[in-house]
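*Asks:* Sequence:
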Amino acid sequence: FQPLNPAYIWGRVRRALPFLFQENSMSRIAAFLTVLGVLIFLAGTDVRAESPRPFVTASTSMIGCMIVLLAPELIEVQVLIPPAACPGTYDLRPSDAAKLAKSALFIRHDYQSYLDRRFREQNRNIRLAVLDTPGHLLVPRNFLAALDQLKGILIRRFPALGDSIEKNAAAAEKYVLAAGEAARLRF
Numbered sequence: 081f082q083p084l085n086p087a088y089i090w091g092r093v094r095r096a097l098p099f100l101f102q103e104n105s106m107s108r109i110a111a112f113l114t115v116l117g118v119l120i121f122l123a124g125t126d127v128r129a130e131s132p133r134p135f136v137t138a139s140t141s142m143i144g145c146m147i148v149l150l151a152p153e154l155i156e157v158q159v160l161i162p163p164a165a166c167p168g169t170y171d172l173r174p175s176d177a178a179k180l181a182k183s184a185l186f187i188r189h190d191y192q193s194y195l196d197r198r199f200r201e202q203n204r205n206i207r208l209a210v211l212d213t214p215g216h217l218l219v220p221r222n223f224l225a226a227l228d229q230l231k232g233i234l235i236r237r238f239p240a241l242g243d244s245i246e247k248n249a250a251a252a253e254k255y256v257l258a259a260g261e262a263a264r265l266r267f
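Be aware that the sequence shown starts at 81, since it is given in this note's numbering, and climbs by one per residue.
Mixed in with the good hints there might be a few duds.
Pairwise CB distance ranges (calculated) [unchecked claim]: (1) Ser175 x Glu261: 21 to 27 angstroms; (2) Leu218 x Pro162: 16 to 22 angstroms; (3) Pro214 x Arg237: 17 to 23 angstroms; (4) Val148 x Pro239: 16 to 22 angstroms.
These are computed hints drawn from the structure, not numbers from a lab. Note that the coordinates shown come from a computational prediction; the quantities given were computed from them, not determined experimentally. Cβ coordinates follow ideal geometry from the N, Cα and C atoms, glycine included.
Given the sequences, and given the hints that come with them, work out the whole structure.
*Replies:* Quick look at the structure:
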């Protein structure tokens, strides 16, 4: 996005709305009311796309990061458990209920089954998905295995986004492999 030249915009406004710049006071009143009406209309208009991005809650920041790698700009992601908290013993807070209420999908690790009942209490319509953790996710092959599994979960839940998720998964795989190779060379 490149900002437009203010002089260009001003010239366009003068040509589009010439009555704004006439000396007649009635014209100025009409112009003021026109601009006010347009501003009121725009203030009440939702400028987002007709179909808002799906809202997904990830239990940990690692899952949230993987979702962002697979579907940047396609899915709105929120992470439930703060990065410094232990994901194996985290308990829901009352403020988490609002997060879960608007979520179309909740993705958790396989070792967090204790959260399922609490999630269902907060949102009966929520879809739960479990990401089997093949090992520590800081190991590139484990991360890629989990990423592939997550790709399948997202495509099953949001089939319209499948092509974009597939394309982003290929790019993410190259990135992870390159980062893994760079780390291997350092050691």
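*Asks:* Under the constraints set out in the numbered hints, which ones does this structure not fulfil?
*Replies:* Result: hint 1 breaks, nothing else.
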